[in-house]
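Number of protein chains: 2
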Amino acid sequence: MYSCTVLHFVSKPCSPSHSRLLAIDSLQVNLAPDFKEKYFKQILDHFNYNSLGNGTYDQRYLITDQYWKKGNGPIFFYTGNEGDIWEFARNTGFITELAAVQGALVIFAEHRYYGKSLPFGKDSFNIPEVGLLTVEQALADYAVVITELKKELGAQKCPVIVFGGSYGGMLSVYMRIRYPNIVTGALAASAPILSTAGLTDSRQFFQDVTADFEKFKPACRDAVQGAFQKLNTLAQQKDYRRIQSAFSLCKTPSTPKDIHQLIGLLRNAFTMMAMLDYPYSTHFMGSMPAFPVKVLDLSLASAFILCRPTGIVYNSTGQLTCYDLYSLYVECADPTGCGLGFDSYAWDYQACTEIEMCYESNNVTDMFPPMTFTEQQREQYCSKRWGVVPRPGWLKTQYWGDDLSTASNIIFSNGDLDPWADGGIRKSLSPSLIAINIPEGAHHLDLRESNPNDPESVIVARKKESEIISQWVKAAMESSS
Amino acid sequence: MYSCTVLHFVSKPCSPSHSRLLAIDSLQVNLAPDFKEKYFKQILDHFNYNSLGNGTYDQRYLITDQYWKKGNGPIFFYTGNEGDIWEFARNTGFITELAAVQGALVIFAEHRYYGKSLPFGKDSFNIPEVGLLTVEQALADYAVVITELKKELGAQKCPVIVFGGSYGGMLSVYMRIRYPNIVTGALAASAPILSTAGLTDSRQFFQDVTADFEKFKPACRDAVQGAFQKLNTLAQQKDYRRIQSAFSLCKTPSTPKDIHQLIGLLRNAFTMMAMLDYPYSTHFMGSMPAFPVKVLDLSLASAFILCRPTGIVYNSTGQLTCYDLYSLYVECADPTGCGLGFDSYAWDYQACTEIEMCYESNNVTDMFPPMTFTEQQREQYCSKRWGVVPRPGWLKTQYWGDDLSTASNIIFSNGDLDPWADGGIRKSLSPSLIAINIPEGAHHLDLRESNPNDPESVIVARKKESEIISQWVKAAMESSS
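Those protein sequence lines, which keep their order, are chains A and B. Going by full-length UniProt numbering, the residue at position 391 of the first sequence is 391; the numbering climbs one at a time, nothing skipped. Going by full-length UniProt numbering, the residue at position 363 of the second sequence is 363; the numbering climbs one at a time, nothing skipped.
Since the hints were derived computationally from the structure, they do not count as laboratory data. Some clues are possibly wrong.
[Claimed, not checked] Using 20 Å as the maximum straight-line C-alpha spacing, the simulated EDC-like pairs for lysine to aspartate or glutamate come out as follows:
1. B:Lys396 to A:Glu152
2. A:Lys474 to B:Asp403
3. B:Lys396 to A:Glu148
4. A:Lys150 to B:Asp403
For reference, chain A alone in the conformation it holds in the complex (with noise of 0.2 Å):
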């Protein structure tokens, strides 16, 4: 297995014992359950009754009825996010394993423009193809999968509850709100309503990246704002062959771009690993070690600490001799990054236009280089990429930002460690808009299958969201009886 090497940057080196400790616990995958592949014929543009070709497109979905009573158990629905919808089901187990106790049927959609669900195929992403990702043109197409399916399964007396975890946990959110006709509740699980649509701190995410480390092991913060010095002080030498060597990187870099764009993956190594802060290895946006943070042993010399993470997230598997900046990290709307590839492209255009992520380290409330992303710059970048004017505030005008007074049945679930959770709803807001909190939860912990390593706190989030989701679909089924 490949570490990077910091033999010219500090006297230290990444020895092969350290190295073992990157290694992922087990290969442990999370298998989905017996769920059946299928493709929905979805309206192309719900919105717009003359646009490109009103027709149609395939939507694919996961189904498995394995757990279901029949005409009677509730439907768990999730609305797919920014992935492969295969991606989700296998990282998803509270959902079936909640299905197998309360007999409910399960699906989960894919939304628009990822994994197979690409409406224009191969030119999805093509100007104007990509205009129809939208928020809205998702949920309409869950709105209308859920009551198509509802149909053709006899399920028409079913109460739907919604499932999500980040974006997908606020699609769910939205889907209640917005089709309370058609979802009896959600469960949202990590999701940032609020950071996205502008209402909170642009320094909030980074700082709250910094506060998991810190919270491992204080000395942290000192240690990593030391280390990121060194790179800048090398970097301001031109230094450029020694910042090569010290973190392996392919090629010497040359400008000031490249070492922007090397803080940029180095920083979002720390984001994920605090997102992804699991109690045992996974399999999800990557490969990840059980407990990321605390491998980073901050008892080795400080610049160590921006090798060790890089090897983590970037090379959790050992493959890479050594790491392509611009192959590993994209830059894009997103300050957290975005990856290769159709399914990077899309969250890009979403970043671009609905879903505001203004967010910015700047070395003073957290621990990182300042890197700023404003919503001129913001609009600058997108413009470019993709011809098109972000519209600041319109999330909260879409679907209500912090105003939920009227909600109802949502959770709002979120773990202490994940760093989108102060981006999302911590308090309860009414009795039927219920705040959990998970102290030792990371990036929705409770929306995956049970596991011996999971800590108390999340067992009993689970519990109680089982029992207000049991709860609401015994309602509903009583109101409509």
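Guided by the hints, dock chain B onto chain A, whose structure is given.
Frame of chain A; chain B shown alone:
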């Protein structure tokens, strides 16, 4: 003044003395208060960032702050419907009367594609330009203009109450359920939210038109049916000249299509009289004498019954010397007919896409000749006319249909004389979803300004509406302070 002659059709002609009955009592024109006409740079396509131009259009609105307690009083916002916004402002005096009492800012916003709010000028009704005419776009227009004007006018803390009549009332309901973050409450007058979503019996509408006349004089039904039967006999005998003469048509009808058109025109005349059966003469959707239903003197020979409404509805000012079948009444996707001009195109397009009005007459549950407008006929017509395929059930999916259990703060007012009434909500659904029925009311009479001829029932209704709105405003002010 010209009146249709029935010399060759029945023995008794439309005598001048009868013609005088048709004259408008007074030419009193309801003057709108001191509105300023303004334009707002509105987003052209809220749901596609890469569509036709990605630009803006000029949305017209009327505004008066003459009664406003600046920064503190509520905002009364009329959600403009299918016509020139001045027409609604002039015929919705209740809002300004209420504003004077409650210290409100009043805004009447014009619906996109109507009046002067044509996004593409004279090309607005070309394909694909017309595609941006949807309910969703119109609602988003209102959400955006309210949000922006509140900022501009220092009215951030002012609760917004929306008002609308007919389709405008539907939009008011939709605004409250879709944007409760922006709208505190809605007065939806004569809003047929059920019948336009395909949720009521297709026979209801013309059955209720019939009932209006029957209520005034029970013999009416037989008389009208008899007259239509005579027309039918003449048509079957191909005695087109006699028909032309009887109905003073400009051209001799020559085909079954012409007769179909004549029947549509006649049925529509009865419909308009029922809808607009106000207790004083009005100038709304044309001019109408006071109590038009009563004006129809049923003691006259039966064929005259078909002649009289034509004069009342199509020739109130007596300018016409003959009736042109195809310009006075335009058959379209609204079975109550469309007029000429851009507004009619727009409404036809909406009836071809989201607004579902498959109403039929059948001569059994109503007094008119059988005229169907099935989903199939609608699809055929709309596909040919506009290149669109209607989506039955869409309004129910999007705006919840009869499943309003999570909605709040809506008054559904309806007049018992109005054939649209039973297409709406007639019974209160909860303490904050309040039905107000007005026994002596025609189409949204309650929205009109006070008049000495107002029946007691509308005075009572307006008082109740006023109290409820005042409570909503008070509660909203308290909860935000």
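Against the structure, the hints come out as follows:
The straight-line distance between the Cα atoms of B:Lys396 and A:Glu152 is roughly 18 Å, inside the 20 Å bound, and the hint therefore holds. At roughly 18 Å between alpha-carbon atoms, A:Lys474 and B:Asp403 fall within 20 Å of each other, so this suggested pair holds. Between the alpha carbons of B:Lys396 and A:Glu148 the distance comes to roughly 13 Å, so the proposed pair stays at or under 20 Å and holds. Distance restraint check for A:Lys150 and B:Asp403: the Cα-Cα separation of roughly 16 Å lies within the 20 Å cut-off, and the hinted pair is therefore satisfied.
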